[in-house]
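Residue numbers (the numbering used here), protein chains in the order written: chain A, 0 to 309; chain B, 30 to 145; chain C, 3 to 224.
Simulated from the structure, these hints should not be mistaken for lab results. Positions of the beta carbon are idealized from the N, C-alpha and C atoms, including for glycine. Careful, some of the hints might be misleading.
To be verified - With the C-beta cut set under 7 Å, the calculated list includes, among others, these residues of chain C facing chain B:
1. Gly45
2. Ser49
3. Ala50
4. Arg52
5. Tyr54
6. Leu56
7. Gly59
8. Ser109
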Amino acid sequence: MSVKTPSKLEKILSEGHLAVTSEVGPPRGSDPEEVIEKANLIKDHVDVINVTDNQTSVTRMSSLAACIHIKQMGLEPMLQMVTRDKNRIALQSDILGAASFDIFNLLCLSGDHQSFGDNPKGQNVHDLDSMQLVQTVRMMRDEGKFLGGADIKRPPKLFVGAAANPFADPFEIRVPRLAKKIACGAEYIQTQCIYNLDKFEEWMKLACDRGLHEQTYILAGVTPLKSAGMAKFMKNRVPGMDVPDDVIKRMADTPKEKQAEEGINICIETIERLKSVEGVKGFHIMAIEWEEKVPGIVERAGLYPRPEID
Amino acid sequence: MRLTYPTSIKIVRVPCTGKVDIIHMLRAFEKGADGVCVIGCMEGDCHFKSGNFRARKRVEQVQKILTTVGIGGDRVKMYNLSSGEGPTFARYANEIHEIIMELGPNPIKLKKKQAA
Amino acid sequence: MIVADKKPVEEIIEYVQGCKKILVLGCNECVTVCEAGGKKEVGVLASALRMYFLNQGEDVKIDEVTLERQCDHEYLEEIRDVADEYDAIVSLACGVGVQFMAEKYHSVPIYPGVNTCFLGATEQRGLWTERCQACGNCMLAITGGICPVSRCAKRILNGPCGGSSNGKCEIDSNLDCAWQLIIDRLKALGRLEDYEKICSIKDWSTDRAGGPRKVVREDVQI
């Protein structure tokens, strides 16, 4: 795949390196230091920093603003954009805004339902869905046109991705759905956190059988578990999350003070196993409010140092 | 078996408590009844399968409305018994009579009299 | 049909405080079928209001009328001669009926007696569920006859999202995932390959987004 954007992520992937991304959740306030601190914790160990967009529908500092702070630190942010909160005017407008700050990575999502967040009485928008947002960005970038048909002066140069959840139902359409996202123009995919490796490998194999791994870069999502309680919560309360019983048992059988360490061990073992799975081109480490653990995970998983890109 | 129950109670026969609608109970209060007691068959023994369950839900609705309009939801009550239980009927009749005596007269009956 | 639900009696009491003559006005169409605003519900509300005012020691006259429809001129005209006599009309019709009534009778305040909820079906007695959001641009032909606009919590046109779990929606484990239903149906029809057709960006101008809508049919106009 030839490089189409100035994205560092795209370069690393196109050169055949395993990419490493992680994420920063913007604060529930206006202090930029919180973003900067979190970014500083992981900056040397990841290629690109995802910035979540009002995740779980809880109001936070805007993803774009937080991305700009990270960009101004000389780092490479990835703007996450959900279709829940903005119509096509606002989405296109933010895409241009991001491009004006030379933000080169965009992840298109539909977003959790607002009933999970701090404004369950609010409206949702969903003027576009996540696939249609991918199409929109590709049209803006590749054709240099707005959805309305007019030309864009200095079209955005964004490396466009989408999410995939191999564990949601119905399983039979999970790979066809990935194919749809690729057909819409998703150049990379970040997956939901993987705990059920057998199921992930099954999904990955079906994707490879269709040749989808050659049409997009798939980054496997991992989240270190902090405790047995978190494992149970993820299994029972987070929609579309698959935490097998043996993982829960392993956490629960570990003494409480050692559970965090065990969670990190599981995470590293997961990365090690997934490295050899055909089609996995990198890792997306979502250490939820646990950014300080990312460097250790990256180092112990043999993903450090990160490749130097001009 | 000659059982006695309070003479204050007027019996309205219906084919099934499922026939008793919200409006029937409300009308009784509007016309000055101090209380309404719906007596259905034992739960699970309804000839029409779920008539008495429906009646119970309607009684609950009426309780809500009566509370809202200031008459008091306690004035309406649902009981279940089988047709052979004469003594139980008499006991329930006495019980609702006691409840109503304690609650006193339907307030709108008094208001109507004052207005007249 | 248009599905509505009864408003709490206390809310209606608030609206009509101070009125001396009130008309409770039902509608014989949808709200009768969904048991929120037909003749029977008119009777219950009127009875409750009468008792409330009596208990307050207020002399308020409450009448009951149920019209065939409240969304057509002809039927609304039936109360032309009496409407002005009332201090308030509580309409148990859907939001359409309440407004049409208000447009016709300017001197009487019209209050809504129900909450208009959605376009839906009677799944079983006492259970009504949404089926349509009147987007004005029906796409049921490509989704196996199941509507993602009204039945997916995120109205995702290329679903399901990552929150679909055991056939249920992420927001409520009792709510069917519309996309699971669509996929099941496409499969039953032997059309699962249609799933991979990408649904293009929707024209929402025929939805409420385009402003108040109208349908003009010159062929049936007089």
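Status of each hint after checking the structure:
1. The criterion of a C-beta within 7 Å of any C-beta in chain B is met by Gly45 of chain C, whose closest approach is roughly 5 Å, and the hint holds.
2. Interface restraint check for Ser49 of chain C: the shortest CB-CB distance to chain B comes to about 4 Å, inside 7 Å, so the restraint holds.
3. Restraint check, Ala50 of chain C versus chain B: the minimum CB separation of about 5 Å is within 7 Å; hint holds.
4. Taking 7 Å as the C-beta contact cut-off toward chain B, the hint placing Arg52 of chain C at the interface holds, the least distance being around 6 Å.
5. Because the beta carbon of Tyr54 of chain C sits about 4 Å from the nearest beta carbon in chain B, less than 7 Å, this interface hint is met.
6. Because the closest C-beta pair between Leu56 of chain C and chain B is about 4 Å apart, less than 7 Å, the hint holds.
7. A hinted interface residue such as Gly59 of chain C counts as satisfied when its beta carbon comes closer than 7 Å to some beta carbon of chain B; here the least separation is about 5 Å, so the hint holds.
8. Residue-level restraint check for Ser109 of chain C is violated (minimum Cβ-Cβ distance to chain B is 28 Å; threshold 7 Å).
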